[in-house]
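Enquirer: Sequence:
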Amino acid sequence: MTASATSRSSSDDMHEKQRVAPPKTLSTRSRPRGGDGTDADADLERGHRVSETLQYYVSGPLRDYDSSTVSWILSVQVFVMVFCGTLFGRLFDSYGPRWLLWGGTVAYVFGLMMVSLSTRYYHFFLAQSVVAAVGSSAVFNCCMSSLVTWFSRRRAAAFGVMVSGSSVGGVVLPIMMTKLIRRLGFPWMMRIVAFVFLALLTFACLTVKSRLAPRPRPFRIAEYARSLRDVRMAVTTAALFLFMWGMFLPFNYVLLQAQAAGTSPALIPYLLPILNAVSIFGRIIPGIMADKMGRYNVMIVITFISALFCLAVWVPVGNTAGIIVFMVIFGFSSGGFISLGPTLIAQISDIREIGTRVGTSFAIQSIGALTGSPIGGAIVAAQHGSFLGLQLFCGFSMLAGSIVFCIARYIQVGAKLVKV
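Following full-length UniProt numbering, the numbering of the sequence shown begins with 1 at its first residue and continues without gaps.
To be clear, the hints were calculated from the coordinates, so they are not data collected in a lab.
Values in this document were obtained by computation on a predicted structure and should not be read as measured data.
Wrong hints could be hidden among the right ones.
[Unchecked claim] In silico DSSO-like pairs for lysine-lysine, Cα to Cα no more than 30 angstroms straight-line:
1) LYS292 to LYS419
2) LYS179 to LYS292
3) LYS292 to LYS416
Construct the entire structure; sequences and hints are all you get.
Expert: Set out below in structure tokens:
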């Protein structure tokens, strides 16, 4: 009993600097918690640009709601973006990218414009979590599936370059949004962002094409189940789910930890841009390496490194310098996961069914995106504001994902040291 008490006391002292005062919800109004989880794809970065947006929600039109409730707007937004890949992937296989791109562009820009006019909780929820999310999902899945049809030998490198664009946005947009909110207010900030996206997406609609001609065929639910009967597909998807379950917790909670550690308020808005800037290289370099050394091989390495540094670096740090070091390392390694995930599915799939199979994988990953952040929040609340339990959940879920990737590789080639 004495040893146990001493151990608990030592652990409490070690993580005292990581504690935040526990209100009746997870966070105070001045410290809103980002509730988004996945990304699993390039669009997930939109969830990482919203600290100022969430701050506006909980201190403005949604001030009657606690920040935990408001964060569900962001969680459901990411869930819808990822889950809808199931439908849009199938539509891409049958009809190609053209109309999905134009329809997605209209829906996404319209949703953002409606957010700028919203005043009630359900307004924000419908506009941002449903309309804008559906449009975003259509655009991303079309771009991703189209790119996969053009590349085989250098597919991972090409995909890494594509998704690195969202990291560039993750550097520019948070700073731009912060400045615009302070100068013009939230509604005009959203309208300006919507116009920027309209210009960029119009360019995408005019240039993105698939190498393969569409093959219209009846919609059958059985196609999704059939893809999961492939053991390689099922195990790989399970690994992607486990890693994504914990991967976005650092993005969501590192700002709160930085505040609790006494980080300068002037520096905090730039922490996520720093992480996204590093992830630009993390998305491109592992992709190039994966095409030469094997995509499963590189995925196993980067997921293990992510889990290792989460447990070995994020857990013990309690100061600004340590947090920044962790963000730099984690930004690089987690960026590789985002760029390589779809290429693993493509590697074990018939290219003519790429939309359906990647969409199926995304649908399962979206459950991790939706539940990971609420689970992390519940752990923090249960531990009275300590981040230790959340950090352990994050690290071990990612470690479990890395182990399951090893199993997926073993199913294909056994223990041979070959390119996979």
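Enquirer: Any of the earlier hints contradicted here, and which numbers?
Expert: 2
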